[in-house]
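Trainee: Could you slot chain B onto chain A? The hints should help.
Each chain is listed here by its residues.
2 protein chains.
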Amino acid sequence: MMDANPILAETLRGNWVENRHRGAYVVTDADGSIIAAAGDIERPVFPRSSIKSIQALAIFARQADSQFALTDAELALACASHTAQEVHVEVASGLLSRLGLSAADLECGAHQPIDAAARAALRAQGLKPSSLHNACSGKHSGMLSVALAMGVPTAGYGSREHAVQQQVRACIEAVIGETLTETKCGTDGCSIPTYAAPLHSFARGFARMATGQGLSPETAASAKRLFDAATGHPQLVAGTGHPDTLIMTAFKGRVMQKYGADGVQCGAIRDKGWGYALKCDDGSLPASLAMLAGLLLQIAAPDPEQRTLLEGFAHQPIKSVRGAVVGEMRAVWR
Amino acid sequence: MMDANPILAETLRGNWVENRHRGAYVVTDADGSIIAAAGDIERPVFPRSSIKSIQALAIFARQADSQFALTDAELALACASHTAQEVHVEVASGLLSRLGLSAADLECGAHQPIDAAARAALRAQGLKPSSLHNACSGKHSGMLSVALAMGVPTAGYGSREHAVQQQVRACIEAVIGETLTETKCGTDGCSIPTYAAPLHSFARGFARMATGQGLSPETAASAKRLFDAATGHPQLVAGTGHPDTLIMTAFKGRVMQKYGADGVQCGAIRDKGWGYALKCDDGSLPASLAMLAGLLLQIAAPDPEQRTLLEGFAHQPIKSVRGAVVGEMRAVWR
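Protein chains in written order, with my numbering: chain A, -11 to 322; chain B, -11 to 322.
Please keep in mind that the hints were generated in silico from the structure rather than gathered at the bench. Keep in mind that this is a model prediction, so the values were computed, not measured.
It does not matter which identical chain is meant; a pair holds if it fits inside one copy or across any two.
Calculated lysine to any residue pairs in the SDA-like style (CA-CA distance at most 25 Å, straight line): (1) K307 x S118; (2) K240 x Q286; (3) K172 x V5; (4) K172 x A312; (5) K116 x R310; (6) K240 x Q73; (7) K116 x V313; (8) K172 x V314; (9) K307 x G144; (10) K307 x A104; (11) K116 x Q223; (12) K240 x H303; (13) K172 x V320; (14) K307 x L110; (15) K172 x E149; (16) K172 x P(-6); (17) K307 x P181; (18) K172 x G311; (19) K307 x C173.
If we strip away everything but chain A, and leave its shape as in the complex, we get (with noise of 0.2 Å):
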């Protein structure tokens, strides 16, 4: 039990602590020198969507973003987990119509709108969600183009083996320093693989996309575009009200934060040159929100209107059925 992770989160019912949640963090320059961390650091994690805008960069090493020329919201819902709203399904729908393609050819599977406004309006329309709908359809239109580009066959562009998911796995390689293996490795909920590496490898993977230290020059460029274009488009990185939406338009084009499933958060405080990587044990997401508000509280430097954003998310009330506040999942402070 000496390996236990601290506790990072925790949720308040009344006057007593109800639930306990663990993790790790760590911020890192791009040589991989830590600013700051806490828990281990070192153990193989599965980075699930936080890692898109590193996956983006296939698009560069195939020059699909020229041959197809690609916009910058076309590149920044790459890098999405999307809501569903109805400018997602637009440039994820435009990019496919560019390409030749359609929703038929999108890998990734059909699920509800993560956005309540998008979801009761195609319920109310009678209409059932398709691949377009999923918050991941900007990465795989995104892995599309890159299949063409490649002059390969579209068709299971999301399997291990193909050719794209190769090219994908050697640009999150290059970015984090780190070789990938089978023995580490699962499938995503938008069925791809995704493969576990350190926490500490994918901060320095991102301080690497902020600074392009590290980074061949074509590369250092690619990733520069991706995070410019994540951070001007904040909207469509997540959508409206969303965590990732929200801190992305308050810290103006110097924070770079992505979700991902099961407790993940990676980024980068652009100006620092600095990346984090932040796991919640048990895969709690909205405990891993509180982590990553209690983070970017410590390191990103907030200004008074970042900070009250910041103090949201760092405590999240919890409500009865009724709506009174009884409680709240908050950041412990290390």
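Mentor: Just chain B now, kept in the frame of chain A:
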């Protein structure tokens, strides 16, 4: 970090562990002697809905059962977190009308039915859920019967200071053998108080409910009637397809089982005279179910059919959006 509870469940994605869930459990007899245990069993935890059968003793303490001729179905529903299927709504509204009351008197608040088909049916009719659809409407109806039997105003029956909640609190204290305190108190989702007490005391309380040992003859008889009602009507204690219903159905009266919000599981192996209580530290319900299954496989002497059911909860598939099995939530055997 020395006080970390052990990992009792984890999720696997592909070939790598993604999430870890810590917790504690204890199985005791009516004297409180420990049959099996893991983790910190003296830490006070909120039992939430797991002790509805103990809370329902208040009905008998004030003879509301005989005054209003409560049926076994109504008593089972008083012990329930039901899924708002038609039968649940009928039983709750039947009791309320016999009390001369209605859904307007319930103070639990309204939420969408837990049962997916019931939810879809309401939506198809263009109806909003009422307090009757609240998972706790049976418990609240029972509490209203206590207010009437006590001759006190029904309004505010859910508040900590109301005579009904004082009676409920006294019943819990008598069964678990612990004094409950305002210093470890919160408000449950359905707006009634919940008091934290050691996991060990809840296990012993369920053993006492199952055996009658350590209880007054009247309380012992009431406990037997409640456990008989609940295990005899498992469909009313949760609903179609719910683990509690499936477990109690499979064990044919031998096992009383009740989940509580935020990862609590309590119950009794009636023929052995044992009570058990389990809490997942991080509040995950699926993880607590895996832990419970692991525990019941060890202590409940399951027959082959019961074993198959429990193995399914001890290995819950995790699927991609397209429906492929990509991992599992599983009990960690200790």
